[in-house]
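Quick note: the sequence shown uses this note's numbering, first residue 550, plus one each step.
Worth double-checking, as some hints may not be accurate.
Stated by the list, open to error - Ranges between beta-carbon positions, derived for each pair:
| hint | residue 1 | residue 2 | range |
| --- | --- | --- | --- |
| 1 | Leu556 | Glu615 | 37 to 43 Å |
| 2 | Val572 | Gly608 | 26 to 32 Å |
| 3 | Glu614 | Val572 | 22 to 28 Å |
| 4 | Gln580 | Leu609 | 34 to 40 Å |
| 5 | Gln610 | Asp571 | 35 to 41 Å |
| 6 | Glu617 | Ser561 | 44 to 50 Å |
Simulated from the structure, these hints should not be mistaken for lab results.
It should be emphasised that the depicted structure is a prediction, and the values quoted were computed from it without experimental measurement.
Positions of the beta carbon are idealized from the N, C-alpha and C atoms, including for glycine.
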Amino acid sequence: MDAIEFLERAGSDASIFHGEQDVLQAAVGSQMDPALASALVARDVEAVYRMLGQRILIGLQVPAEEEEAPDEDEGDAGERLPELQR
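With these hints in hand, go ahead and build the complete structure from the sequences.
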């Protein structure tokens, strides 16, 4: 089993995903690279990414500043002025 197959299996089986280290070790098996297997069992994400030749990507969403809507009364102020003077 390779690392991707293990991660797929762990992601679909909660007993592996939330399991203790001995459960993870049994799920990894003996056919995987020992260093990679150790990183998976230790839940060392950075080491797993590094061994797989990947980089950790981080996405960030920041809400934009809300623009103030133009005041509805500003455009009508000149038209209403005579009404207010009555």
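Problem set entry | Non-conforming hints, listed in increasing numerical order | 3
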